[in-house]
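Make a model of the complete structure from these sequences and hints.
One line per chain: the protein sequences are A and B, in this order.
Residue numbers for the first sequence follow the working numbering, so the first one is 1 and each next one is one higher.
Residue numbers for the second sequence follow the working numbering, so the first one is 1 and each next one is one higher.
Hints were generated in silico from the structure; no laboratory data involved.
Small disclaimer: the values here were computed from a predicted structure and weren't measured.
The hints are all genuine.
Pulled a few chain A residues facing chain B out of the computed Cβ check, cut under 8 Å: (1) R5; (2) K312; (3) T314.
Computed beta-carbon distance windows for the label pairs: (4) A/P18 with B/N217: 23 to 33 Å; (5) B/K194 with A/T249: 44 to 54 Å; (6) A/G156 with B/E330: 25 to 35 Å; (7) B/D113 with A/L52: 49 to 59 Å; (8) A/K312 with B/L88: 24 to 34 Å; (9) B/T295 with A/E251: 46 to 56 Å; (10) B/T295 with A/G11: 17 to 27 Å; (11) B/D113 with A/S39: 51 to 61 Å; (12) A/D66 with B/K194: 53 to 63 Å; (13) A/Y193 with B/P68: 56 to 66 Å; (14) A/E251 with B/G94: 28 to 38 Å.
Once the Cα atoms are required to be at most 27 Å apart in a straight line, the calculated DSSO-like pairs of lysine-lysine come out as: (15) B/K181 with B/K6; (16) A/K312 with B/K312; (17) A/K312 with B/K261.
Glycine residues also receive a C-beta, built at the ideal position from the N, C-alpha and C atoms.
Number of protein chains: 2
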Amino acid sequence: MSELRKDPIVGRWVIIDPELTQSTKDFSEPKEAIVTDPSTCPFCQGHEHMTLPEILGYRPPETQKDRPGWWIRVFANQPAILHIEGNLKRQGVGMFDMMSGIGAHEIIVDSPDHEKTYIELSDNQVEKVIWAYRDRIIDLQKDERFRYILIFKNHGINPGIKTSHSHSQLLATPVIPKAVKEELNGAKTHYNYKERCIYCDIIRQETIMKDRLVEENDHFAAFVPFAARFPYEISIMPKKHECDFSKITKEQAMDLSKILKSVLWKLYKGLDKPAYSFVLHTCPNHVPKETLWDTMQLDFHWHLEIIPRLLKPTGLEMGSGFYINPTPPEEAATFLKTIN
Amino acid sequence: MSELRKDPIVGRWVIIDPELTQSTKDFSEPKEAIVTDPSTCPFCQGHEHMTLPEILGYRPPETQKDRPGWWIRVFANQPAILHIEGNLKRQGVGMFDMMSGIGAHEIIVDSPDHEKTYIELSDNQVEKVIWAYRDRIIDLQKDERFRYILIFKNHGINPGIKTSHSHSQLLATPVIPKAVKEELNGAKTHYNYKERCIYCDIIRQETIMKDRLVEENDHFAAFVPFAARFPYEISIMPKKHECDFSKITKEQAMDLSKILKSVLWKLYKGLDKPAYSFVLHTCPNHVPKETLWDTMQLDFHWHLEIIPRLLKPTGLEMGSGFYINPTPPEEAATFLKTIN
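Spelled out as C-alpha cells, the structure:
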C-alpha cells in the first residue's frame, strides 16, 4: 500500500509506492518488454477482460460495458499509484506528517487503434479524449477525499505501463501538487496587486508580441513561456478566463484538440519524435476556506504544460531548482512556427 | 551571452544559455566523445594550458601557477553558463523580468589522477576538495553581485564537460536558487513557531530513531530523508548548528570527507555504479534586509543533498512537482547500511 509523505521543510508531498518495482534495488530497464503487438495489448478492443472494469466508456448505445465497440475507455490502473478504497488517514511519525495513499489512478485509452499515436488521431477523436478528461474530473470532484485531479500524458517514457497503445492518465490526490500550489500563490499575489489575472496578462502580451507565440485559434493560444525551463516547452492557455478546466465547452474542446495536436505534431516533426509529457493544471477541488483561495476563480487560469524530453536532466535541477535551458524561447517558437 | 529570466507566476529563475549547444535543435547524444584518454584530457597535469588560468591551486610552494605539481586546481569553465565580466543589468521585457547572465562558473578538479573517481580518492584528498569549496565560497562572497554560490557535482551525467576526469563545479549566481529559498522560508516558519532550527530537530530525530540513518560520525549524520523524492536520496548534515558552510573547521572537513566517501561508496557498490549528483545548500550571500532572513543564522542549517540517478524522470514530476518514489526510505537506509 502506498503512502504520502510530506517534506517537513518545504511542504512537498511525495508518494512512496513500493509496489511499483518488483525489487527496490533493481533500476535497470524493465525486463518485461513493452507490448507493441496488438494481439496481447490490454488496451486494445476485445481485451477488455485484461484490465479492471470500465469506469467510463464512450461507445454506441448498442454495445456493452467491458466489451468491444468503444471509442474511449477509462479504467483504474493496475498496479495503481494511489488506491480508491479506504479512509484518508493522516498521522504523525515523530515530527513528520504522513497520509495513507488514498486516491485514484486511472488510464484513459485515447483510441481503440493500437498503432496510432496521439497526433495521428483525428481531431474528433482527440476532442473525445479531452471530453473524457472533463467527465472524469467532474465525477471525481464529488469525492470529498480528493483535493486535486491531475490529468497527464507521458509519451515515450512511461514507467509502469507495459504497452505502447496511446493513453492518458489521471491521478486524484488528497493533496494539491506543489507546482499548482505555487501557481495559485503567485497568481493571487499578482491579483492582489493589480486586480487582474496574471495568465490573462501573459496571454495578452504573448498574442500581441507574437515572438514566443507558436499558434493560436479562436479559443486558445500556444506559446513558449518567457522563462521556459526546458527547450521547446509549450504552454496552451484558453483565451477566455476560467480557473476550472471542467467548465470547457464543446466548441473549446474542438479548438483545444486542434491546437494540441498541431503543437505536438510540430515537436514530433521538428525535433525527431521526442518523448514528451503534458500536464493539465486546473483549479483544486473542495477549496478549503483559506485566504489563499478566496479569489481563485478570479486569479487562477487553467492551462496545459507540454514538456518535450530532449535533455537528460542532471541532479542540478532537482538539487537547486535552477534550470539551464540552451534554447532561447523566441528561437524555439520561431522554429516551431516553420513546421507544418 | 546567457541571460537569467524569471517566471512571472512562481518566481523561478532560469538560465537561458544558447552557447551550450551548437545547434539548438540537436539534442542527440554529444558527437564529441568523452575523453577517457589522459593524454588529451584538459584536466590532467601538464595540460594546464588547455584550460583558462588557474583561480586557485593547492600545490607545493616550489611549483608554479598553471604548471604541473598541484593537488587541486580551480579555473573558470569554458563555455561558462554564467560570465564574470560585466555589470548586473536588470531589465523588464513587457511584463517580464530579466537579468544579464552575470556570475561565475568554475571547475574544481578533484585530483590530478585521471582515472580515480571521487570515491577512490584518499580521505585526505577529498578533504582538500572540500577545503577548495570553502576557499572559493569565501572568495566569491566578496563579490557583491552574487547572491548565492552553488557547489555541485555530476557523476555519470555531465552535459558540457568533455572529460571523465573527476571534478566538482561551482556556480555563483545573482539570484538565490528556488530550492534554497523554499528551505529558508520553511526553516523560518518552523523557527517562528518553535524557536528551534528544523534541521537540528530532524538530525535529532534521525540519529535517535536510526531507521533512516545510513551512517554518522562525530560531526555529521547521513540519512535518507523522510519524504525522499528519489530512491536512495541521501542528506548529509553537520550535527552542530551552522547556516554557513564556509565556517567549516579542518576537523569537520575531515569527518565530512569520510562520511561523503563512505555513502557514495555504498551507492556505487549497492546500486551498480549509478550516475549521481550532489548539491551543497549553504546560506545565501549579502543577505538583503528582508524579514525572511533576519533569523537565518538561527534557523537555517547547511547540508549536502545526494541524488542517485536511478529512474528516468517523466514529465509528471516537472509538470506537477509531485514525486513518486518506489523505494521506502527506511528500506533504502537498511539496505545501504549493509554495504561496506
